[in-house]
Amino acid sequence: MSSTLSRRGFIAAAGAATLARPSIARAQGAARLVVVGGGFGGASAARFARLAYPWLDVTLIEPQARFVTCPYGNLVLAGMRGIDDITHSYDGLRARGVRIIHDWVDGIDPVARSLRLRTGATLGYDRMILSPGIALRWGAIEGYDEAAAEAMPHAWVPGDGAQTRLLRRQLEAMEDGGVVGIAIPGNPFRCPPGPYERISMIAHYLKQHKPRSKVLALDAKDSFSKQTLFQDGWKQLYGDMIEWVPLSKDGRVVRVDVAARTLETEFGTRHKVAVANIIPPQSAARIAIDAGLADASGWVPVNPRSFEARAAPGIHVVGDANIGAPMPKSAFVANNTAKQAVASAAALLRGAAVPEGVYFNTCYSHVGAEYGISVVGIFRPTDTGIVEVANSGGVSPRGDLAEQRRFEALYADAWYRSITEDSLG
Amino acid sequence: MRREAALGLTLLLAPAAAMAQAPLAAQGCLGCHGTDAAGVTPVPGLAGRPATELVAAMTAFRANEKPATIMGRIARGYTDAEIAAMAAHFAALPAGGAR
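Chain order of the listed sequences is A and B.
Note that the working numbering has the first sequence beginning at 1, numbered continuously upward.
Note that the working numbering has the second sequence beginning at 1001, numbered continuously upward.
Worth flagging that the hints you see were computed from the coordinates, not collected in a lab.
Just so we're clear, the structure is a prediction, and the values are computed from it rather than from any experiment.
Hints may contain errors.
If you only want the chain A side, here are some residues facing chain B, beta carbon under 7 Å, derived [to be verified]: (1) Val376; (2) Asn391; (3) Trp415.
By construction, the Cβ of each residue, glycine as well, lies at the ideal position given by its N, Cα and C atoms.
This is chain A alone, in the form it adopts within the complex (with noise of 0.2 Å):
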């Protein structure tokens, strides 16, 4: 079933729920923004969106009921967060005026302007903002599949969280002396640090509860974010209990067997664990690629300034969709981001030109309770690409420095209670 309806009449078709108050009282040809995907992305453009440029009519398109957070997910496997903490509501985008319609976005036609709910109506819109994030690529490492990942979860796209709860019941499960094992990525993915930060996490709740357990990291690059910092807090908190094994060192996963339990490398060296953790290869969600607007690398090209996807201007991609490199595929990166997308469609809608950007990245990761480490990045839009900025930002210093350590980990709580009101509030 599939009918076009006016906005008026979609409103009524949508049920009560979607009879949100302010929505009643906008102007009747207010220019409509579409925010596809109520993650950190979907949610800042939103929500800026409202606040910034009151004349759009905003609706955000998103299929879960409530935000998990891919941020602070290994604190909940390392039993120092509950999944409640990491959960949030979209009733703060709502009061703000924020019409939400729970559903997936089935197809996009951009040439028409318009998008296909899976519940069957059409949506029109005036521009988009695109923040889908990402899809994993099921296969690519064999026997990785949907069915595989509720053996062997990959935690990493949280949807409702049963993913992240299933690794922390399968930690909690575990004998003491067992081999946690983790298959790590290529580049680009989602969150580069965060692997190494659920490492961290994972030995603080094996070094409490079980400390003759071990960690085995199968990498497929041979250096990563923080490498150094990281790897002087592993030595100094979980001595010899996590083992980095590198690409050149036969560290690409590329084989699982879900039944033997069993992690298979490219030179076949299989691993047997007790509990195996697989990120796997990713790419920009499937509502991205289907639109057309990926290249052959599986993520979307942007024009740097305004987002727009290269393949279709009027649909801004924002968020780890797309290729925003050197920028890292991080939560703040895409609240920032977002602004920079919001702020150049309503430039667009109003015929002026869009705003020079300046975006912003800080990712702090807790390697122990008390111990936190960052990368700060402050970086520009040219002609050709974006750059970072030259001597500024960079890493936490090295060295026996703990209360940088410990002042790092508190910043860290206070960036995501901030990043979250930021996006959701």
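Once you have looked at the hints, place chain B on chain A.
Chain B alone, transformed into the frame defined by chain A:
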């Protein structure tokens, strides 16, 4: 239709809220200093502090003359004009936050 009248008032007030939006270059600050720049312990607030103080702090961070956990790395990414615009914006906000 009392609700619609109230909503109309909200919409009338909206442009004022829009004017209080931080310049795009200052949006990055909000990710740690709080969405209303009022601070989130132990990260200090920026709202309501004199512009001269904020400019002096950022300039000192940038010159590596003020001890920093992270702000030195950040301040070195911004121009004088951006720092002045951030400082002017935050100085004009209420210290306790908007809410």
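Structure-based check of all given hints:
no. : hint   : in the structure
1   : Val376 : 4 Å, holds
2   : Asn391 : 6 Å, holds
3   : Trp415 : 5 Å, holds
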